[in-house]
Structures are given as structure tokens and as C-alpha cells.
Amino acid sequence: MHGRPRKAYKPEEEAASAAKAVKPRSLQSQFMSNHHNKIYTKEAIELSTKLLEINPEAYTAWNYRKLAVEDRLSRIESDPDLVKSILDEELVVVESALRQNFKSYGAWHHRKWVLSKGNSSIGNELRLLDKFQRLDSRNFHAWNYRRFVVELTNRSEQDELQYTENMISTDFSNYSAWHNRSVLLSSLLARRADGFMPNEKIPEEYKLVHDAIFTDEDDQSGWFYHLWLLDQTVNVETPLLISSWPSHGSRINLSGAGCLNDSSSKLPTFCFESGSFPLILYFDQDVGGVSSSTVKIDSELKGNEDLVWEPVSKKNSQVSCVWVARLKYMSSEPSFRKEYKVNVRIGNSPGIVSSRGFNFNAPYEFVFTAHVHDTVEESQESIVSWTDGFDIWDAQSKDLNSLVTLDQLNTQMDLKWRQEALAEEIDLFHALSDSKIGKLTLARLLKAEAMISGDAVKGVHYEKIVDLYNDLMALDSPHYQYYKDEHSVALLHKVTSSTESLSRYLFQYKDMNNAVCLRLNNLSLSRIGSVEKLLFVQMLDLSHNELHSTEGLEAMQLLSCINLSHNRIRSFSALDSLRHLKQLRVLDVSHNHIGKHSVDTTRYLCSSPLSNSEWTQDEVGRQMPTLVTKYWDAYFVFRDLNLKQLDIAGNVIAGDEFSSFVIQVVPKLVWLDGQKLRR
Amino acid sequence: MADKLVADKHVRYILMAEKKKDSFESVVMDHLRMNGAYWGLTTLDLLEKLGSVSEDEVVSWVMTCQHESGGFAGNTGHDPHILYTLSAVQFLALFDKLNILDVGKVSSYITKLQNADGSFSGDMWGEVDTRFSYIAICCLSILKCIDKINVDKAVDYIVRCKNLDGGFGCTPGAESHAGQIFCCVGALAITGNLHHVDKDLLGWWLCERQVKSGGLNGRPQKLPDVCYSWWVLSSLIMIDRVHWIEKSKLVKFILDCQDMENGGISDRPDDAVDIFHTYFGVAGLSLLEYPGVKPIDPAYALPVDVINRILLTK
Chain A
1 MHGRPRKAYK
11 PEEEAASAAK
21 AVKPRSLQSQ
31 FMSNHHNKIY
41 TKEAIELSTK
51 LLEINPEAYT
61 AWNYRKLAVE
71 DRLSRIESDP
81 DLVKSILDEE
91 LVVVESALRQ
101 NFKSYGAWHH
111 RKWVLSKGNS
121 SIGNELRLLD
131 KFQRLDSRNF
141 HAWNYRRFVV
151 ELTNRSEQDE
161 LQYTENMIST
171 DFSNYSAWHN
181 RSVLLSSLLA
191 RRADGFMPNE
201 KIPEEYKLVH
211 DAIFTDEDDQ
221 SGWFYHLWLL
231 DQTVNVETPL
241 LISSWPSHGS
251 RINLSGAGCL
261 NDSSSKLPTF
271 CFESGSFPLI
281 LYFDQDVGGV
291 SSSTVKIDSE
301 LKGNEDLVWE
311 PVSKKNSQVS
321 CVWVARLKYM
331 SSEPSFRKEY
341 KVNVRIGNSP
351 GIVSSRGFNF
361 NAPYEFVFTA
371 HVHDTVEESQ
381 ESIVSWTDGF
391 DIWDAQSKDL
401 NSLVTLDQLN
411 TQMDLKWRQE
421 ALAEEIDLFH
431 ALSDSKIGKL
441 TLARLLKAEA
451 MISGDAVKGV
461 HYEKIVDLYN
471 DLMALDSPHY
481 QYYKDEHSVA
491 LLHKVTSSTE
501 SLSRYLFQYK
511 DMNNAVCLRL
521 NNLSLSRIGS
531 VEKLLFVQML
541 DLSHNELHST
551 EGLEAMQLLS
561 CINLSHNRIR
571 SFSALDSLRH
581 LKQLRVLDVS
591 HNHIGKHSVD
601 TTRYLCSSPL
611 SNSEWTQDEV
621 GRQMPTLVTK
631 YWDAYFVFRD
641 LNLKQLDIAG
651 NVIAGDEFSS
661 FVIQVVPKLV
671 WLDGQKLRR
Chain V
1 MADKLVADKH
11 VRYILMAEKK
21 KDSFESVVMD
31 HLRMNGAYWG
41 LTTLDLLEKL
51 GSVSEDEVVS
61 WVMTCQHESG
71 GFAGNTGHDP
81 HILYTLSAVQ
91 FLALFDKLNI
101 LDVGKVSSYI
111 TKLQNADGSF
121 SGDMWGEVDT
131 RFSYIAICCL
141 SILKCIDKIN
151 VDKAVDYIVR
161 CKNLDGGFGC
171 TPGAESHAGQ
181 IFCCVGALAI
191 TGNLHHVDKD
201 LLGWWLCERQ
211 VKSGGLNGRP
221 QKLPDVCYSW
231 WVLSSLIMID
241 RVHWIEKSKL
251 VKFILDCQDM
261 ENGGISDRPD
271 DAVDIFHTYF
281 GVAGLSLLEY
291 PGVKPIDPAY
301 ALPVDVINRI
311 LLTK
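Keeping their order, the protein sequence lines are chains A and V.
Using UniProt numbering, read the first sequence as starting at 1 and increasing by one per residue.
Using UniProt numbering, read the second sequence as starting at 1 and increasing by one per residue.
Keep in mind that a hint or two might mislead.
Said to hold, decoys possible - If you want the footprint, here are the derived chain A segments under chain V, 3+ residues with CB under 8 Å:
hint, region
1, 126 to 136
2, 156 to 170
3, 502 to 512
4, 535 to 546
Unchecked claim - Derived EDC-like pairs: lysine to aspartate or glutamate, alpha-carbon spacing no greater than 20 Å straight-line:
hint, chain 1, residue 1, chain 2, residue 2
5, A, LYS10, V, ASP96
6, V, LYS19, A, GLU13
7, V, LYS4, V, GLU25
8, A, LYS84, A, ASP136
9, A, LYS596, V, ASP156
10, V, LYS222, A, ASP471
11, V, LYS212, A, GLU125
12, A, LYS314, A, GLU300
13, A, LYS10, V, ASP305
14, V, LYS20, A, ASP218
15, V, LYS20, A, GLU95
16, V, LYS252, A, ASP219
17, V, LYS249, A, GLU125
18, A, LYS315, V, ASP156
19, A, LYS7, V, ASP96
20, A, LYS103, V, ASP305
21, V, LYS19, A, GLU500
22, V, LYS144, V, ASP198
23, V, LYS222, A, GLU551
24, V, LYS199, A, ASP219
25, V, LYS212, A, GLU13
26, A, LYS314, V, GLU25
Said to hold, decoys possible - Negatives, chain V to chain A, calculated, CB over 10 Å:
hint, residue
27, VAL6
28, PHE24
29, SER266
30, THR313
Calculated from the structure, these hints are not laboratory results.
Note that beta-carbon positions come from the ideal geometry of N, C-alpha and C, so glycine has one too.
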């Protein structure tokens, strides 16, 4: 089926082929008869041998042989010599089948089955494997079989590690050997075996993989191993808190829905209809176990005992990077106090655990002040504009505390060997950075170094990284979009690397109590990043970019308005993350590609009936089953949101039918495509 | 250099191959006729020509392949195996004939193949492979009875097969391979568990399968092959990273693998054609939104309208 040259069709060949088919066809029908009648005589077994010689893929014949072996074994009353000879015969048949086709699943499995009955020496098996490795060092059947034999015989991981080293020094272009090495080494490192401490081993491994990367710049054998080494160098197993909202030392202004009494204030005020504000914790990896036992809140705000913490993730999931609890601040009783201090302590009691099983053990405490304002009991239904009514950012406001990176990362690691290893790699790759892999690796190394360095280094690094990705987009154009995505992420790192650079993109929307608006439009962004630095944002303008998904935005729990017009959104399933934004009231997805493509690339990344996730229809859904089936991904997204204002014009899907569907699914919608709805 | 899809020639090629039972080739492929049927018929459906086959004839043949145990064999007379059970179910789904099945019987064959660690065996002889995990999950999901297996444990086992390069192998510790990756990612997609995939890491590994000719290989340093247009492409689509390859170059590669005279698609340009590669080539073109080819679902490997009909309506 693979690698056979195409031959011109000749009728005489058809006749020859039919003639050639006669013998195996008659063998097969005789075999079937023996099999169905459970005949296990010497002649019958010999017949199956012949059949397997012609066609090692005839899986029923391998099954038959197992039955024949079991039958014979049952008749000889465990005479060890006889048993050995029966099983040896099977091994010979397997070996000859493998010579025909050394990728035959049936043959390899038969050998494993025979071996599990005892017999053969490990020496034999390893010799056989050596033979196959020399024929094809990438034969994954052989490598799998090797793992099987190793397990059966308890060969040590260190010995197997040496085997991979032998293979690599014979020929570095052996991805299979590098893969096996990574499996063995990570196991030895994880259990801190003798002589396998990361600070010694990882630098050694860098040296080992250099040849594989630099000898042939197109050979990928060492690329992924090097990337794994980089991961081992910078990533810590234990989970860390990287951001929160409100942040330490900040002062937030809160009110209920509606206008502030004091309209002269220039400070952003957060208004929540529910009278409670979200307290957001952002970790560097998925964790579970965030609860009122593991997070202690001290405050004079009443009604917040036994807070419920929820992960921002799919319905059944108990883990997430982002956790939210809602603190009540409006009470029915008149209060004298206007200012409330809130003290949050995380991780003093054990219980927060990463999804890989590591405990959170870096207790952290932060304090912020909530200032509650009176409101005038009035709420307007005026349309939100993205162009008019904005002030530039009030430089007096100190609410960019959230940009200060929590220093958790640096205190957790034993930095010295990590910094040295990175510095050495960076030097090396600087000298050899003309190739694609050279530039790409350098960009990744710089990013890694930025992660564990101070702000000054970060700023400079992200400039260089953006440049490198610009180079790569030109150098390796088939992978342009990969480098574009990385470029966007690096650009956002740069933008958020200091309060000074970020404030150039911040505005305040007067009509909404000076809501904080971040404008990232017209930046050619194909991907969102640095969200942990942007938790305080209420209005987000991402218009005129190249986004095809809102992945990542779910953490920005304060968002009430999002502008995604003029992007590359192809379906509503790509907007799935917005379902987690309970404050969202204004959404603009006009002028995108919704309905234009027949292939939906986010169909399985969202909660959907196709992925056996919960799909219960509500009352509205039950009334229009055909439309719900037709627009199921829109239905899912909209019914979980409480939108007041929506723009969908300029998409293939837009039209009367879709508009009337949306109006029914979103009962509180007031503005559609700039027109006020009459209800 | 080919610049278009010669769909009619491929349709003829498939219909003729289905009838050819006398060649040497068809004898040695006899045991996987069920797979061949699924590949051939799905291709016909993608090219809107499913009506060219006699539905009754093929459906009654399928049923002769079912065993007492509920499982299906590769052909009449052969032993049952999970591989052919899925092909049979997919096949019947194309013709909207799932109602002729005794769902309880088929599902119990599959349920019995789940092991204590969550993995699946291919048949009673115990070979374990993540291909079989995908098959079990896909099959029972189509039959709308996925709760008959222990889904959590099945997912746990698949996650254990995840490698440090972000890919998946056939068993824990096995090397990443595009075919296994499709199976594991597909199984995680169908069960709503794609959060276990490191999409950026795997996405990069997958996009680097595209070689200079525009074709895709299945592992680093291997030759490109049209069948990887499916395994790699569908995986990229399920994790929303397909924009990381150059689609137009891949379209060109697939079109170059056609036999413009006799129909059929081969693994590489100028090699011999076969049904397997014809299916994967057309399926790949479907995922690349090539005109004239119906959209195919990347997880279930069946036309989108078939899957929507089964899963989106009560």
C-alpha cells in the first residue's frame, strides 16, 4: 500500500494476477474450514503457516494459531521441553512473518502473547531487536516491543538510557532514540534517582543535543528534545499565583448599577447589578481545591462567610488557572462605613493542588480597599459607542498595581543553575542564529530568560523577540501563521511590560462611570495574551485585528463591553470563552467570517452536543428546535449571556432569520446592529 | 502537475475496485474488506455519489460479518475485531441504517473490551492500543450509548499516553505518531476533554510535519504521505491550529497524487493508487474546503451532515 511505483494498466497483468490469486484463495478457504471446525492437526497448523507466509496481515490466522497452541498445551500435561518446542515454533513463524513485513501488528502481538506464556531468553529477544533496529531504527513496533521486554525482565532505566545514548552517538538523526531518552530521563529525574539531579543533568543534556541541532539545520530529530530541556529549565512543578484582581495595595470604587451621585469623579468605578464584585485569582497552571478553607478572607463587608469559589472552566471541570468568588458589598441596611479593607490569605492551609498533583506551597497575602459609593437609582438604555465619549487615561490613577508581577516565581526556584544554563544557550544560539531553528530557539530562550528576570531585562528581550518573529515570518513562510501568533503574544508582553507603555492604550468611558477601556485595535493581532496583567479592564477594543478565537478572555471577569468587529471569527463556537463573562452586556462581532466556512475549527473546543457535554434545551430552545439545530453554537453562547447590545452585521450568517432567532434567545437585548428593538 | 480534482475518475475507480474480487491484491486484502468499504463509500458520499452503490446489497453483506458476540469481522468468515466493528457502524451511519443494529449487542462487545486501567483491547486476544480507545469512544458515541464504558478511566489511559513533545503514542511511553495522535485527540474531542491537550506544543509538532513539497509526514524525518493529510490535518483542526500550515501547498500535493487517467490517489506522486489513500486524499481536501467536496467531521471521520443528523437531533 505504500511506496509502490504506479504502473500503466495492462490487461495481461490482470489475468496474471488472477492466476497468482488461485493458490492463496484456496489456502484461505481451507484454512477457514479448519478454523470454523476447530481442527488443530499438524497439517492444519502447517496450512496456517503457509498462509501467514504469503500474508502476515491475515489476523484470523494468528488467532487460530493461538487457539491451536492452547489446544496442544492442554494435551501435553506441562512437560517443559514439549512446551518450549511448541512455543519456539511460534517464535519462528513470527520471525519469518516479520521478515516479510516488519510492521505487522499481528506478528508482533503474537510474539508478545507467546512470551507471556514464559520461555525465550531476554538475550534472544534483544538480539532480535538489534537486527530490526539495524534494518530500520525508527520502527516503532520494535521500540514498543523493546519496552515490553524491558518491563518483563526488569532491565534498569539507567541501562536503557545508555542504550539510547549508544543509538544517538551512532546516528544523531534518530528521533525514536531521543524520544525514548526523554521518557527514561524524566522518570529518573522525577524520582531523584542517584546521579539524576536536574541542576547537573539538564546542562549535560543540552551539550548532548547540540550536535543534533547544528549538524543539519533541517533535521528535526533534536528540536523537540531541546524544547523539553528548556521546559525543564524554566518551569517549576509547584503551582504559583501570578496575578489577582483586585491587586495588593489597590483601591477600588464600587457602586450598584446606574449613575454615580458624584459625577465629578474621574476615577473608574465598577458597577455590578448583583451588588457583588468578583475576586479573581490567576495561577500559572490548572489547580483544584480553591475554597473558603484554603483562601481566607478578612473584611468588614457583611454577608461573605463561606464564600463559594468557582473555577472558570467547563461545567464538569474542577480545575482551572482562574478562580473567582463574589464578595457582596451592597447591603439592605444603611451603613456608616464607606471604606472597607479586605485581607486575602491564600494557601495557609493545604488543599490547593495542581492537576499534575503538586501542592501549592507558597502562601500569599494581599490587602486592598473597597470604597462603596451611593447610586442614583436610574439606569439608561443608551447605546454604547466605541468612538465617542472617551477620556485619555488619568495618569493620577494608581490602579495599575496589577502590572506588578507577583514575585512568587523568583522565590520558588533555585535560580542559579537555570540562569546559567539559559545564558549559555543564548550565547550559543546568538552565534548560530541564521537558520530557522536557530532564530526560533533563540526567541524561545529569550522568552524563558525574560520570565525569570526583572522588568528591565523583560522590556529589552520582548523587543528582540518581536524582531526574531518578524524574521521568521519571512524566512519560513509555510509556517507564517505560527510565527504570527507568537509575534502577537510577544507584542502584548511588550505592551504590558510597564505601566508607562500600557497607559498609552488605556482610556476611560465617561458614560459608564469612567470605565477602564483598553484599545488594542489595528495591531494585526492574531492571538490574545498577557491576560493576567489585564484583569482590571472593563471595555476591550480588539477591532481591526486578525483574531479567530476569543480563547484566553475568560479570565477577564470584569469585561462588560467587547469589540471584535473586523476580525477573522468564523463561528460562534470560537466565542465560547465569552460564556464565562457574567458582566458582558455589549458585544460587537460585526464584519467577521461567521457562516463563511464549511469547516469549524472550534467545534470540539466548546461545550457542545457533539462532544457528549451537557446539552439540555431550555424553554426557548424547545420552541424552535429546527433553528436551534441549525444555529446550535450561537444558541449555546447567547443563552448564557445577558447581552443588551449586539452587532452581527457584515457576516454571512446575518439576515432576517438569524436576527429573529437571536432576539428570541436573548430576551434582554435592547440594541441590535445599532437599532433599538421594539418589544 | 495536476490543477483539479478529477472526482468522476475517482468515483469510477472506487466502483470498479469494489467489484474486483479476483485479483491477488484483493485476496491479501480480503480480511479488511470492511475497512475498504468504509473508505470507499465515505469517499463516494463526500463526492455526493453514494447513490451509485446498491444499498441493500452492501448492507446485507455487512450483517453477514457480525458475530454472536456482537462484534464485526473484516469479511464474512473472519474473526470479529473492534477495528471492523467501527467501520461497520460508520458504514451503516452513511446509509442512515443504524436502526437495523441491535445496539445492546454491539455495545456489549465493546464494553467487554475495556480493561481495568481504562485501555481497550482490540479483541479477545488482548492487544492494547490507543487506536482501540478511539474506536470504542467513536463507535459508542455514534450509537448514543457512550455511558456504557467508563469514560473517565478511558480518558485517564489516553492521557497516560501523552508524550513530552505533546503528541500521543499507542501505549504509555510509545513514540508520538500522527495516526495515534488523531486517535487520542479524536477520543478526547468526542468526550469533551481537549483541555488535556497542550494545543500549542502539539500544534507546533503537527505543523512541522509539512515538508518542502507541501505534503505532510507522520513523524519527524519521514517521507510525506497523503494519508497524513487526514491524520495530521484533522488533529490540527480539532485543536484549532490548522492555520499553522500552508493549506494551498497541501492541496497541491494531494492533487499531484492523483492518477489523472485511471482515477484513484496514491501515497506520493507517481506511486500506485489504492482505496485507502483515495479516501484520505479526498477527506483531506474536504478539510481544506476544496470545492465540490462535502464537509467531513474531523473527529468522527464521517460527513458533517451525517454526524449532525445523528447527534444534533433527538
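Structure-based check of all given hints:
1. 126 to 136: violated (count 0)
2. 156 to 170: violated (count 0)
3. 502 to 512: violated (count 0)
4. 535 to 546: violated (count 0)
5. LYS10/A with ASP96/V: Not OK: LYS10/A and ASP96/V at ~39 Å, beyond 20 Å, violated.
6. LYS19/V with GLU13/A: Answer holds: LYS19/V to GLU13/A is near 17 Å, not above 20 Å.
7. LYS4/V with GLU25/V: violated (29 Å)
8. LYS84/A with ASP136/A: Distance ~30 Å between LYS84/A and ASP136/A Cα, so the pair is violated.
9. LYS596/A with ASP156/V: violated (37 Å)
10. LYS222/V with ASP471/A: violated (27 Å)
11. LYS212/V with GLU125/A: It is violated: about 39 Å lies between the C-alpha atoms, which goes past 20 Å.
12. LYS314/A with GLU300/A: Cα-Cα ~33 Å, so violated.
13. LYS10/A with ASP305/V: violated (40 Å)
14. LYS20/V with ASP218/A: violated (44 Å)
15. LYS20/V with GLU95/A: violated (32 Å)
16. LYS252/V with ASP219/A: violated (24 Å)
17. LYS249/V with GLU125/A: Since the Cα atoms of LYS249/V and GLU125/A sit roughly 44 Å apart, the hinted pair is violated (cutoff 20 Å).
18. LYS315/A with ASP156/V: Since the Cα atoms of LYS315/A and ASP156/V sit roughly 19 Å apart, the hinted pair holds (cutoff 20 Å).
19. LYS7/A with ASP96/V: violated (38 Å)
20. LYS103/A with ASP305/V: violated (36 Å)
21. LYS19/V with GLU500/A: violated (74 Å)
22. LYS144/V with ASP198/V: The hint is violated at about 28 Å.
23. LYS222/V with GLU551/A: Distance ~33 Å between LYS222/V and GLU551/A Cα, so the pair is violated.
24. LYS199/V with ASP219/A: violated (23 Å)
25. LYS212/V with GLU13/A: With Cα atoms ~36 Å apart, LYS212/V and GLU13/A exceed 20 Å; violated.
26. LYS314/A with GLU25/V: violated (49 Å)
27. VAL6: holds (15 Å)
28. PHE24: The assertion about PHE24/V is violated, with a minimum of 4 Å to chain A.
29. SER266: Non-interface label fails for SER266/V: nearest chain A Cβ at 6 Å, not farther than 10 Å.
30. THR313: violated (6 Å)
Of the numbered hints given earlier, the model fails hints 1, 2, 3, 4, 5, 7, 8, 9, 10, 11, 12, 13, 14, 15, 16, 17, 19, 20, 21, 22, 23, 24, 25, 26, 28, 29 and 30; all others are met.
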